[in-house]
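Engineer: Quick mapping for you: the protein sequence lines, in order, are chains A and B. -2 is the number of the first residue of the first sequence in the working numbering; add one for each residue after it. 44 is the number of the first residue of the second sequence in the working numbering; add one for each residue after it.
What the hints contain is simulated information worked out from the structure, not anything from laboratory work. Incorrect hints may have been included.
Simulated coverage check for chain B against chain A, where a stretch passes if three residues somewhere in it have a Cβ under 8 Å from a Cβ of chain A [stated by the list, open to error]:
#	region
1	179 to 190
2	230 to 244
Take a look, some chain A residues computed to stay more than 10 Å from chain B by CB distance [stated by the list, open to error]:
#	residue
3	0
4	32
5	38
6	47
7	51
8	58
9	76
10	79
11	93
12	97
13	160
14	251
15	252
16	289
17	324
We treat Cβ as the ideally placed atom computed from N, Cα and C, and that holds for glycine.
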Amino acid sequence: MFRFILTRLGLVIPTFVGITLLTFGMIRLVPGDPIELLAGERGVTPERHAQLRAEYGFDKPVLEQYWNYISGVLQGDLGKSITTKQPVVEEFFTLFPATVELSVFAIFLAVAIGLPAGIIAAVRRGSVFDHTVMGTALTGYSMPIFWWALLLIIFFSGILGWTPVSGRISLLYFFEPVTGFMLIDSLLSGQEGAFRSAVSHLILPAIVLSTIPLAVIARQTRSAMLEVLNEDYVRTAKAKGLSPGRVITVHALRNALIPVITVIGLQVGVLFSGAVLTESIFSWPGIGKWLIDSISRRDYPSVQGGILLIATTVILVNLLVDLVYGFINPRIRHTR
Amino acid sequence: MTKPLSPTDTSHGPDAGSTSPPGPFKEFWNYFCENRGALAGLIVFIMICLMAVFAAWIAPHSPSEQYRDSFLVPPFWSDGGTTRFILGTDAVGRDIFSRLIYGARYSLIIGGIVVSLSLTVGIPLGLIAGFARGVTEIIIMRAMDIMLALPSLLLAVVIVAILGPGLFNAMLAISIVYLPHLVRLTRAAAITELSKDYVTASRVSGAGILRLMFITILPNCMAPLIVQATLSFSSAILDAAALGFLGMGAQPPTPEWGTMLAEAREFVLRAWWVVTFPGLAILITVLALNLLGDGLRDALDPKLKRQ
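Make a model of the complete structure from these sequences and hints.
Structural biologist: Structure (structure tokens):
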């Protein structure tokens, strides 16, 4: 197991270095003067230009510049936002909980619906239920989620008037963030109705964000279950006279879950991609919206830092999934 | 190939299937037609293609003509709608139906260009990685892993942020984003094929490396690549629409479906039709392509055939 962890870690480091190369190079690839881009000042005087050039270290050789960049990164220094003059790391971690809350809720929805739907579809292969689930899953998988979000807004906010259109909580409630997670904070605040308000703000974005993972999980669960249900040990379990429920949940599902867990882990990237769209539509104050806003404000230090932090998060979650995978499936950690 | 061709040879005739085994295409077609969903996807896709080609004849209005007397007219079956504008008009009085028909051109061109770009770069890279092994392979595959560490839409957004917004840059960004999957697939397929006897035979008889790559091995790796290309085509349409929606793809007044949705966003609670139809067009096109891709995979994948 230890060796397995070491090999996985060994794969993570070059990927991380590659990402830093990408974000380091990015600012130099953007058309325009990188110094003016980084400082957010346009048309500066030659003296100011030289001063900024020295400040950002552009007068040094590229290798040294990269070395300075990466040592800053490792110490948590990702530069300052042009628009707010705040350190990028601080901005990122203030907004990060909002995205995590939304993503966790979305993945919870996706697993809670997708897993049982996939299992039942596999067990009743060829039935009306199977066709309905697979048809719905394919539609969900093909869904332009930004449009789906607008449709839900038309129906639930426009026609029914059940849910608010934007934000995380009604402006009627105000309390100091404790955990950064609105659902928990609203409960801790003890204000009546605050929790309900937080849930009603969360529900539509979470449905939108969960759509594609749900479809993928349902499809993957079904195909993994179908494969396992044909195995000899499932036949043996049935022959022993075990109840169908036990055969499905204990013998088949445990083995079918292995590929499903990988797929769930892979959804982290999908969630971040989806968060960019979902948060922009619902004005959800998270990382996705912040990144898009930073791009349209040409706030390059924020974009640079944001990309690095998002990529690092994805790498770390994938590493975690790999390790969990190796833990539950001994075959993986013993073959190299 | 070894069979002598005589004038009485009917293997290309209409009833060839009854006497000789079906050819590879016929066999594929039989499997493909068994899948009704895939067939439906193919038919819808062909219809969309025809719509795009003959847009100028089908569309009742010009996609950019602004009728100043008809802003936000609802579809003809709603109150206040007219048959002059079947699906209604948008906020500046343009016919939505005509814009959707012209929009099909953009989506198909986007899909086509993205897929051809990433295939022309991805296949050689994958073949090189599979052939060269060693350091070259490690460098290529590590670079692909780095790209995979970034969520696809985010990577596309970043590339557009570097290159600047616009339809062409969006297509370029999406092509780059799809590279890793293609490179991995090609490399894996090439490595499997490389160990087979027919490749050794070809090598022994003196085939050069380029001939081995593109003439001996590549045709045998096509099945997974065709499936991936179909699925990339649909994802490209989705991602380009998403970029258009975020204001980073095609710019207004282009009748690209995602851009149309972006323009319609502020009318979401006032005029449902401006929002509903462009998205529906995206969904139908992508769904048809995904059905087609699933069908192709089932028909081309020998593992599934045996079941």
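Engineer: Between the region 230 to 244 of chain B and chain A, are there enough contacts, at least three residues with CB-CB distance under 8 Å, for the coverage claim to hold?
Structural biologist: Contact hint for the region 230 to 244 of chain B vs chain A: violated, 0 residues under 8 Å.
Engineer: Are all C-beta atoms of chain B more than 10 Å from that of residue 47/A?
Structural biologist: 26 Å, holds
Engineer: Quick check for students: does the CB of residue 58/A sit more than 10 Å from each CB in chain B?
Structural biologist: Fine: 23 Å to the nearest Cβ keeps residue 58/A off the interface.
Engineer: If we take the beta carbon of residue 38/A, is the closest beta carbon in chain B still more than 10 Å away?
Structural biologist: 19 Å, holds
Engineer: At 10 Å, judged by beta carbons, does residue 289/A keep clear of chain B as stated?
Structural biologist: 6 Å, violated
Engineer: Was residue 0/A rightly flagged as not at the interface, with every chain B Cβ beyond 10 Å?
Structural biologist: 20 Å, holds
Engineer: Could you let me know if the closest chain B CB is still more than 10 Å away from the CB of residue 251/A?
Structural biologist: 23 Å, holds
Engineer: Does residue 93/A clear chain B by more than 10 Å, comparing its Cβ with all Cβ atoms of that chain?
Structural biologist: 15 Å, holds
Engineer: Is the nearest CB of chain B more than 10 Å from the CB of residue 76/A?
Structural biologist: 16 Å, holds
Engineer: Taking beta carbons only, do three or more residues of the region 179 to 190 of chain B come closer than 8 Å to chain A?
Structural biologist: Holds: 4 residues of the region 179 to 190 of chain B have a Cβ under 8 Å from chain A.
Engineer: Minimum Cβ separation between residue 160/A and chain B greater than 10 Å?
Structural biologist: 13 Å, holds
Engineer: Would the least Cβ to Cβ distance between residue 252/A and chain B come out above 10 Å?
Structural biologist: The claim holds: residue 252/A sits with its nearest Cβ about 19 Å from chain B, beyond 10 Å.
Checked against the numbered hints given earlier, the structure breaks hints 2 and 16 and satisfies all the rest.
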